[in-house]
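Peer 1: The lines below spell out each chain.
Protein chains: 2
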Amino acid sequence: MIQRMTGRLAVTYHVRSDAASIEARAQSIAVEQSVEMPLDAIDDPIVLRDIVGDVQSIDRLDDDRFVVRIGIATATIAHDAGQLLNMLFGNTSLHDDVVLHDVTFPPDVIVNFGGPNHGIPGLRRRVGANHRALTCSALKPQGLTPDRLGLLAERFAGGKIDYIKDDHGLADQPYSRFGDRVRACAAGVARAVQVTGHPTRYVPSLSGNLNAMRQQIGLARDLGIDCVLLAPLIAGFANMQALVAEFPDMAFFAHPSLGGAARIAPALLIGTLFRLIGADAVIFPNYGGRFGYSPDTCRQLAHNARATDSTMRPSLPVPAGGMTLQRTPELLDFYGPDAMLLIGGNLLLARERLTEATAAFTSAVATHDYR
Amino acid sequence: MIQRMTGRLAVTYHVRSDAASIEARAQSIAVEQSVEMPLDAIDDPIVLRDIVGDVQSIDRLDDDRFVVRIGIATATIAHDAGQLLNMLFGNTSLHDDVVLHDVTFPPDVIVNFGGPNHGIPGLRRRVGANHRALTCSALKPQGLTPDRLGLLAERFAGGKIDYIKDDHGLADQPYSRFGDRVRACAAGVARAVQVTGHPTRYVPSLSGNLNAMRQQIGLARDLGIDCVLLAPLIAGFANMQALVAEFPDMAFFAHPSLGGAARIAPALLIGTLFRLIGADAVIFPNYGGRFGYSPDTCRQLAHNARATDSTMRPSLPVPAGGMTLQRTPELLDFYGPDAMLLIGGNLLLARERLTEATAAFTSAVATHDYR
Chain P
1 MIQRMTGRLA VTYHVRSDAA SIEARAQSIA VEQSVEMPLD AIDDPIVLRD
51 IVGDVQSIDR LDDDRFVVRI GIATATIAHD AGQLLNMLFG NTSLHDDVVL
101 HDVTFPPDVI VNFGGPNHGI PGLRRRVGAN HRALTCSALK PQGLTPDRLG
151 LLAERFAGGK IDYIKDDHGL ADQPYSRFGD RVRACAAGVA RAVQVTGHPT
201 RYVPSLSGNL NAMRQQIGLA RDLGIDCVLL APLIAGFANM QALVAEFPDM
251 AFFAHPSLGG AARIAPALLI GTLFRLIGAD AVIFPNYGGR FGYSPDTCRQ
301 LAHNARATDS TMRPSLPVPA GGMTLQRTPE LLDFYGPDAM LLIGGNLLLA
351 RERLTEATAA FTSAVATHDY R
Chain W
1 MIQRMTGRLA VTYHVRSDAA SIEARAQSIA VEQSVEMPLD AIDDPIVLRD
51 IVGDVQSIDR LDDDRFVVRI GIATATIAHD AGQLLNMLFG NTSLHDDVVL
101 HDVTFPPDVI VNFGGPNHGI PGLRRRVGAN HRALTCSALK PQGLTPDRLG
151 LLAERFAGGK IDYIKDDHGL ADQPYSRFGD RVRACAAGVA RAVQVTGHPT
201 RYVPSLSGNL NAMRQQIGLA RDLGIDCVLL APLIAGFANM QALVAEFPDM
251 AFFAHPSLGG AARIAPALLI GTLFRLIGAD AVIFPNYGGR FGYSPDTCRQ
301 LAHNARATDS TMRPSLPVPA GGMTLQRTPE LLDFYGPDAM LLIGGNLLLA
351 RERLTEATAA FTSAVATHDY R
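Residue numbers (the working numbering), protein chains in the order written: chain P, 1 to 371; chain W, 1 to 371.
Think of the hints as simulated: they come from the structure by calculation, not from any bench. On a predicted model such as this, the values are computed, not experimentally measured, just so you know. Take these hints with a grain of salt, some might be off.
Stated by the list, open to error - Here are the simulated distance ranges between beta carbons:
{"hint": "1", "chain 1": "W", "residue 1": "D44", "chain 2": "P", "residue 2": "Q194", "range": "24 to 32 angstroms"}
{"hint": "2", "chain 1": "W", "residue 1": "D147", "chain 2": "P", "residue 2": "N112", "range": "26 to 34 angstroms"}
{"hint": "3", "chain 1": "P", "residue 1": "A360", "chain 2": "W", "residue 2": "I46", "range": "25 to 33 angstroms"}
{"hint": "4", "chain 1": "W", "residue 1": "D97", "chain 2": "P", "residue 2": "D62", "range": "20 to 28 angstroms"}
{"hint": "5", "chain 1": "P", "residue 1": "G218", "chain 2": "W", "residue 2": "R125", "range": "35 to 43 angstroms"}
The beta-carbon is built from N, C-alpha and C at its ideal position, and this holds for glycine as well.
Produce the entire structure from the sequences given, and follow the hints as far as they go.
Peer 2: Pasting the structure below:
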């Protein structure tokens, strides 16, 4: 017997269908996500056996939806994160009856992609926090000059926050060039660190094409920065994969921007896939904030990001999006200490008392008694 | 009065809401897609005036949806195609009550992005077809060896087809490396062209990160190839933008993979945005095939791709996805001659009679009497 050329990813889709049609629909997804042509037109037995997607199971989910599991050949992915997305959901994303729900990866795929270079342990080490939850805030609004962003960064750091990320809208705009902004914010943080003694980290946001992002990381590294933020769905999965490999000293924060446009379950996209391609921290919309994610979605997402049943380092879940200082105890109990709370706008409302509000936040996290 | 720093993109969203909530919801989208923080926390009057999104109009669409038009500041985009997507729909994509419907660009944005380098005239010139519709097919299934793909290419070209694209699943897999495949397919096409005299073009599919795609284009160019295919949502908009600028001699075909269903209107995403960032041809799922796009959607998409009320060159609409030889007359009447019909699997069903089936297709297109 000829050795099979490839293992399979087990990919689950939620498919809206009636019972009479689901078998044919499942088979059509298996074809669409592999050879994308009538099987009758294929005369190569190896392709039919080892490349065509195979329907592994169909189970009823609720009144009008089924869970369809399809085996996608590992060999079609070729260790390319962009191609991974293409094979998981490329054409099927164009069908509005299907949601990409989950993926189980064979061990060799996980080893090949590798996951985070730093993960939770590396992010804890950077700020000297071994056990407690971590804290984060965001520099905004876009439109401020670099100097004003630098002053904001100094005030946040004055409250001993762990990480200060750029708003993901901060790019390389004429009123605030990446280089000017990063220099001003790094300097602002450095001034505060001299006072507080807490090693607050500044996390600049990358934008543009791969070359531009590479130059931005180089510039940041020259200023002593060791964390960056990017949005994988905008940057391109393969480009994030490349940056993670090229800059192993950098910790990568992944932003969910554009994550909703293609109907991929958030727990899979942000928790599993962002981790797989190397995100050390994954930012996501927390339940009860400005976005509609449920507590169950957030719990599953955090679980996927930091599950220890994998050879990958755990990725740090970072709930965000309309969070408030008042909710800190609730969220610490919900996520536990292996998480980083991100509060942006709610702290910025304190205006000239920003440092005090930030100190209240970091102190609430540091002194929390977990239920 | 201080000069305003920026013009505005007029961005329309379709928002599911009741009448009592729509004003507040529209305002929250305007904030989310610009400064992403409470306006009360902003003390910079320039930011409030020139950067915060402004709700320009709200109109009822149907029983439970409204058309909301928001002005997004041009300056926030900074000529970066990735940042364009980020500002149009980044966080709002995570809200399931909103669809990104349309964008009107100020002239300077269109000039800055530039659109296609070749467009419809350039794609006509390559194959010496000045008036008729163009024809296209696809090399598949993935899993075939380079030699077998090369033979398929030769057979398609033997039927005088205009363009032969790689299936978008063909990447750089171990069983069919990009270089081996492109050499074999270019050679296959060249053999046929010597016989037919028709200048059939081979369009290889790019994959991987920006560096990899750049190397792939270089390799293709060395073989005399002057067209390539990529999926902008997988490659990253900014990376496509960079390639279009770096390789002005290449024509770019854009594939809709990962385009999602319904969250970004297809006519906008594929017809307008792919064109804006330089797609000479835009492939999209035709109505009545394997995908659910309506005739109206396809008509609007084709209109956006080739509308002449713009300084951009027109982009060639390429309907595809489960099309059949039998439907050729209907589709030619529907799209008119400024289109390229793409039939893949249906031709491949002819197997050893592939050249004859292809010849029937190209002849049907060449001799069609438009209604």
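Peer 1: Run every hint past the structure and note whether it holds.
Peer 2: Going through the hints against the structure:
1. Between D44/W and Q194/P the beta carbons are some 27 angstroms apart, a value that agrees with the proposed interval 24 to 32 angstroms.
2. Separation of D147/W from N112/P is about 27 angstroms and conforms to the stated range, judged on CB atoms against 26 to 34 angstroms.
3. Roughly 30 angstroms separates the CB atoms of A360/P and I46/W, a value that falls within the hinted 25 to 33 angstroms.
4. Evaluation of the 20 to 28 angstroms hint for D97/W and D62/P yields a pass: the beta carbon distance comes to about 21 angstroms.
5. At about 41 angstroms, the CB distance of G218/P to R125/W agrees with the hint of 35 to 43 angstroms.
In terms of the numbered hints stated before, the structure departs from none.
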